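**Student:** All chains, please: the whole structure from these sequences, using the hints.
Spelled out from the first residue to the last, the chains are:
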Amino acid sequence: MTLASPPVIVLWCVAALLIAAGLAIAVSRSSAGTRIVYGASFAASLAVLVTALTYLLAAPILAPPALVLPLGLPWIGAHFRMDALASFFLVVVNLGGAAASFYGIGYGAHETAPHRVLPFFPAFLAGMNLVVLANDAFTFLISWEFMSLGSWALVMAHHRESDNARAGYIYLVMASFGTLALLLAFGLLAGPDGGYGFAAIRDDSHTTVIAAFVLGLVLLGAGSKSGIVPLHVWLPLAHPAAPSHVSALMSGVMTKVAIYGFVRIVFDLLGLSTWWASMIVLALGGLTAVLGVLYALMQQDLKRLLAYSTVENIGIIYIGLGLALGFQASGMGWASSLALTAALFHVLNHSLFKSLLFFGAGAVLTATGERDMDRLGGLIRRMPATSFAFLVGCVAISALPPLNGFVSEWLMFQAVLQSPLLPEWGLKVLIPAVGGLLALSAALAAACFVKAFGVTFLGRPRTPAAENAHEVDRFSLIAMFVFAALCLLAGILSGPIIDSLAPVTHMLLGDRMPVQDAVRWMTVVPIAESRSSYNGLLVFLFIAASASITVVAIHRLASHALRRGPAWDCGFPEANPATQYSAGSFAQPIRRVFGTLLFRARERVEMPPPGDTRPARLHVELRDLVWDTLYAPIAVAVGFAAERLNHLQFLTIRRYLSLVFLALVVLLLVLALWQ
Amino acid sequence: MAVIHDLAVQGAQMLVILLLAPLLTGFIRKVKARLLRRRGPPLLQPYLDLLRLLRKEVVLAENASWLFRVTPYLIFAATWVAAALVPTFATGLMFSWAADLIAIIALLGSARFFLALAGMDVGTSFGGIGSSREVMIASLAEPAMILIVFTLALVAGATQLSTVAEVMAAPGVVGLRVSLGLALIALVMVAIAENARIPVDNPATHLELTMVHEAMVLEYSGRHLALIELAAALKLLLYLSLIACVFVPWRLAPAEADTGALAIGVAAYVAKLAIGGFLLAVFETAIAKMRVFRVPEFLGAALMLGLLAALLLFVSRSF
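Chains L and Y are the protein sequences, given in the same order. Here the working numbering = 1-based position in the first sequence + 8. Here the working numbering = 1-based position in the second sequence + 81.
Bear in mind the hints are in silico, worked out from the structure with no lab data behind them. It is possible that part of the hints are untrue.
What the hints assert, rightly or not - Footprint (simulated), chain Y over chain L, 3 or more residues, beta carbon under 8 angstroms:
1. 84-90
2. 377-388
3. 407-415
4. 421-431
5. 554-564
6. 594-605
Predicted, not measured: the structure shown is a model, and the values here were computed from it. Glycine included, every Cβ here is placed at the ideal spot set by N, Cα and C.
**Tutor:** The following block contains the structure:
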């Protein structure tokens, strides 16, 4: 193994990140410490990004480079390997990581408790890189837990704020639960001989029962980390609680590492391709997508809205993965590679625009100290650059052409259209319904981001804080604008990205999408040009050209006169900015359509009697059915059991000794009877 | 030579739709007026309205941002591009492969996204009411539209509109089908909602709490309003062209055809538009506007019809 092989370079960078984490403990209280630590994280992430990208673009198909380090369990060692799948996810992780570090150089300067953020930030990045690079179950799980704990520490950075302690507690419980599920999954995969290396697991054949259990456990483990409904409850609490660049990493990147875990275990290690697995994943994905975006629409906290929208996008990705499983089961390699490409493309896209949006939310937070949209408004005039970048992110995440979110959803629709050829009736009935859910979630996402941008950035400022906002620092702006540009580029130059995903689909499914490079004008052609094609570049050029023609024509032909006056508003404008549409009122029509059923939404008007000068009030009550029906009973049961067991704490030493003796006797009896 | 011919046909299509769109609006208004036994405005009134708006000054709200001023151009450009990609009198246009039907729907979605934002820009209650209702309507109409696209794609084996039109026009290939009938009803319902027509919205109303589209554009004036009105007319034309090219694709000329065939195509297209506009005017005259919160039921029906049509085809290709 040479020193220049890709996994070695990545491991050196991980080591550099860990050193930076250690160094951060020493320098975190000095003012230059922020810059040193984020600068080092930026450099290390950039180096891994370049390495992984070079490897991926060199079309790796044969013999991925691997190495073993004498760490961890002595008889196993720590195995690392970089194949096409790992290199793609390393690109996603480190693209987000580099941008978040760069953003952090500026954003971190406002941090009130840098010593609680700086040491954990590089460690969190290192953990995510190690998960993707791991090549045995032990290393994978250790890195996974390292990543979870690193992000947990960052969530708890501002632990004195009211909700954060609860968020951290729920996150810790869910993360431990997820790791436990993955541990059991790997235990089942490794079998009684304990072959924990990925190569050994891959070579084993697994019975259907084992495969079903592993799928269930992975959905619990990786699914809870990525935020599948109903395991998503920690996500909208924990992601917004962290500092904004960490929120960007958690939402944009860590959920993708969880997706990586799912793909690695289900597609690669298990080699699972059965139609029932596809049905489970599709149903969960559809449910997650629609519920996630509906939850997002009901929020008035900007960062929590973004976190719920992550749940939605994770659902979309799982729909793609479920389609790929279903097609693979019927041997339709061309369709399954199309679906998997769509899912992976959406992984990249979501990491781009969700990071961008969290950066924007962080900029708003820096400028105004507010996350509540109902206390913002009119920021487009005070923060023009931030609002432009945020707008690009909103258009991209709403799946509107010519930006990138549309391309991956379009590919997903094309994959849905291949499904009538499937032989299973269950899938035939489920897939069009899931396609409808996908379209519904895309349309609701557009509504959600009209609300997010409209209430936060447009209209009149609702508080003095919003009125006196100022533009943020250059580092934050550069990070946002680079990602906004990448959203556009990924949307109009989709062909090369699809081609670069071909090694991944080839590795996992043994098939690939048609070569896009040969198509004229970089058109995206999923199957054949006469069936369907989309060219983001041309659409973008057409819109730009016709808009310019219109501008020129209007300015030559029409009147140039322009006068500023008071708003018309049908003749009765109201000076009080509180009369504008707020986050709650904007969502009201959609709440009435969907919320009465899904959230038990109740509206109550409190009307004072005539002559009373108190204002009338409208109360809206929303219930979280997932929490009420699933988690609240569990919490009650745990509390009840704890109450019962509590008196065991107050026994005499004699009783404790007799309990120990009794336990010993029972165990020996069990052992004796077992024979 | 072929390239120049193709380019000329594509350019002709873009010009034809731009010139026909206000005429279609005027025609519908005229028919509606005649059905109500009024004389009605002259056919060319929409052109005169546009010219008048172009000559007037723009009165901009004091706190309107750059987004408010850019939006009319973006909306017009996106709608124009979308309309240019629908086969009207000829199939296989030069750039028809740049976007399929899903992308055309999404382009209209982009236009709506910016219009809804513009409605919120000035910070008035009417703008907010329009935007929030518009996105509610869109959140139901778009999935219904996608399910209709699924149905068409399964019948024709493509989402490329030119291919769909050719398959539909080929004699004896498709024929009468249950799923296509359901899809047609659903598409008409979606088209009514998307174009803010009665019974979902009233294009002729003002100062009414029920308005949606007009509430969003309330703060616009002058050349900005002219562009938005023209974009709305183009969108109506687009939906009629879409219905025409999928369900009555006769006399569509291939792009490489000679001038005579193209002229026949244009004449057939104008005839189809006239029939479609007439039917729309009759329908609008015969029905009352519904309350805003009845609209979800209306669009939910379209959604279910679309799902049913798609499911029938998933189950058996012969429905």
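**Student:** Hints first: check each against the structure and report whether it holds.
**Tutor:** Each hint, compared with the structure:
no.: 1; hint: 84-90; result: violated (count 0)
no.: 2; hint: 377-388; result: holds (count 3)
no.: 3; hint: 407-415; result: holds (count 4)
no.: 4; hint: 421-431; result: holds (count 6)
no.: 5; hint: 554-564; result: holds (count 5)
no.: 6; hint: 594-605; result: holds (count 7)
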